[in-house]
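K.L.:
Please build the complex by placing chain B on the supplied structure of chain A, with the hints as guidance.
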Amino acid sequence: MTTATFVIVGAGQAGGWAAKTLRDQGFSGRIVLYGSEAHPPYERPPLSKGVIAGSTPLSETMLFTPAQLQADGIEFFPRRTVRGLKPEDRLIILDDGEAVSYDRALLCTGGRPLVPAFHGADSRDVFFLRTFDDAERLKDRLSRPRQKVVVIGAGWIGLEVAATARSLGNDVRIFEAANRVCARSVIPEVSPILAALHETQGVDIQVSSKVSSIEPLFSGGSTVRLSNGQEHYADVVVLGTGLVSNDGLAREAGLACDGGILVDTRCRTSDEHIFAAGDVTVIEYGHLGIRSRLESWQNAQDQGVAAARAMLDQEVSYQPVPLVWSEQYDAMIQLAGHAQLATHGVVRPLGDKSGLLAFGLDASGQVKMAVGINAGREYRVARRFVEGSISVDPHRLADPATLLSSLLAR
Amino acid sequence: MTMSNNEGWKRVALVKDISSDTGTLRVIVDDEAVCLYNVDGSICATQDKCPHGNASLADGYIENGTIECPLHQGVFDIRSGQPLCPPVTTAIKTYDVKVEDEAILIRPQAS
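Just so you know, the sequences run in chain order A and B.
Counting in my numbering, the final residue of the first sequence is number 410, and the numbers go up one at a time with none missing.
Counting in my numbering, the final residue of the second sequence is number 111, and the numbers go up one at a time with none missing.
Here chain B stands alone, though its shape is the one from the complex:
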């Protein structure tokens, strides 16, 4: 078992890789697109694909801990993944996140 695979944790990026301009970074983990966020210094991760349209949430817009889809303006809470306004009605997947030595590690949440 490698360091990065310990208890399901995967090292996916460095904190500094997240654009300071947008606060987001799209990464591919096990063939799944994941969006990493820097929300005022706190790192979060959700699925990257908006469940409504074919859009990347990493191209979206962060405001007050929410991410707005660039395509149809659906809004999700970044920490809980809950949909906050139409057209989105289903939650997005969120990941457990930890930061070690400026590296971001994520793992699927126990459902």
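So that you can see chain A by itself, here it is in the shape it has in the complex:
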């Protein structure tokens, strides 16, 4: 296999870790890494925090420098987008028409911001946040004094951008179409706690509020209209309305997709020579009866590593407990597990601290997800309940006087 060529399509966090892992695991063939962006692989979490605040330069968020990639013999091509995939000929087609043959290919094409259907969603003062360049543009706007910022969508990106914009001294409003914040990712008990973090900082959050249009004004800024008739002026509008999987390449090539590229426990697609990792994939959890696309830093890294090992025919069974973290103001928020499997929630205050833990249990009383807010080491224990689907008495779980680890030992 020494002359084999492995092509990685997409040079984000997943693609970067995959390339590095292939080499670290002793693969001596060609590793070719194509990225649409101008930058080498970097981590996206700082984009909504330090990068738009102006305190984190690109160098601090970079995973591997071009020099490190070169030292590992990884052929990295920035600003090269793969336009076509021909599984039957084992070829990828680049943006300029060049065809490159591969022995195995890894698709790490990620996702792109979902543009809502309302009028004006693509207008002048509306910003998205996915890439470093997106963040640079938003940073320039947020650096002006006291901007009126409207954030549409109270998911993680929306809340983090709101927190950063507020911390910079801007006026911030958030409109969320659902009836609570982070509705997809946390149990209902946690949503008001997250909303309160923002409200105490002076951010106005309105849930059950659908935006109907954004109208750019001649004098600068925009009018944001809600379907209930309200109108709000905004200097800057940020859309945090979700991510769409970049699975077009895979779909056109006939690979099985379901809102993302379907992969098995070996990160393999429906074509035996093609693997996929990161935000673009949908993981099949056979034993849980669910499919899930994990849009997380943790998955981008771990699945990139797992896919590389699978490409080298190592033993791989990638069925991760989803892990997410978020930083907003002084709050460190950590999540583990599948929120969609929980039917009811238990909130556990942490006696001596301001933090708390919340657990999502299923109908049988097994812990399926956990949320920690400034929970420190306690969260590490909480995660083990999720990893083991531990059955607990909800009353004891909620009682700060009951030692958490004592419930685990049972």
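A hint or two may mislead.
[Stated by the list, open to error] Cross-link-like lysine-lysine pairs, in silico, DSSO-like; alpha carbons within 30 Å at most:
| hint | chain 1 | residue 1 | chain 2 | residue 2 |
| --- | --- | --- | --- | --- |
| 1 | A | Lys210 | A | Lys148 |
| 2 | B | Lys49 | A | Lys139 |
| 3 | B | Lys93 | A | Lys49 |
| 4 | B | Lys93 | B | Lys49 |
| 5 | A | Lys49 | B | Lys49 |
| 6 | A | Lys148 | A | Lys49 |
| 7 | B | Lys16 | B | Lys49 |
| 8 | A | Lys139 | A | Lys210 |
| 9 | B | Lys93 | B | Lys10 |
Just so you know, these hints were derived from the structure itself, not from any lab.
P.N.:
Frame of chain A; chain B shown alone:
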């Protein structure tokens, strides 16, 4: 030269100050945050700040002589400081440690 400064050794804490619950203690030595560990009775010291994220290793989790960062689950060998799994790729600083009369003394390792 004081006792605690002999040959670069600094007295930083007592063994009993290390939490028996967590096995860790964060101390500040010359403006540097240092994490002290009690690994099954053997005292060790490393830098406290995880080189990957802005996290305190003293809030981390000890297992089999390793420390797991509470933020991103990077793992280091406590004695050698070597990174053991992603996302951490660089070693953390370790210190020479000795215990005298239940007091912990540390000094920078000769590099």
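K.L.:
Now tell me if each hint is right for this structure.
P.N.:
For each hint, the structure was consulted:
Using a Cα cut-off of 30 Å, the hinted pair Lys210 (chain A) and Lys148 (chain A) holds, with the two alpha carbons roughly 19 Å apart. Between Lys49 (chain B) and Lys139 (chain A) the CA atoms are separated by roughly 28 Å; this keeps the pair inside 30 Å, and the hint holds. Taken as a hint, the Lys93 (chain B) and Lys49 (chain A) pair is honoured in the structure, with Cα atoms around 28 Å apart against an allowance of 30 Å. Taking the CA atoms of Lys93 (chain B) and Lys49 (chain B), the gap is near 10 Å; set against the 30 Å cutoff, the hint holds.
Restraint check for Lys49 (chain A) and Lys49 (chain B): satisfied, since their Cα atoms lie roughly 19 Å apart, inside the 30 Å limit. Note on Lys148 (chain A) and Lys49 (chain A): the hinted pairing holds, with a Cα-Cα distance of about 18 Å set against a maximum of 30 Å. Among the hinted pairs, Lys16 (chain B) with Lys49 (chain B) is consistent with the structure: their alpha-carbon atoms are about 22 Å apart, no more than 30 Å. For the suggested pair Lys139 (chain A) and Lys210 (chain A), the alpha carbons sit about 26 Å apart, so the restraint of at most 30 Å is met.
The suggested pairing of Lys93 (chain B) with Lys10 (chain B) holds, with an alpha-carbon distance near 16 Å, which does not exceed 30 Å.
In the structure shown, no violation is registered for any of the earlier numbered hints.
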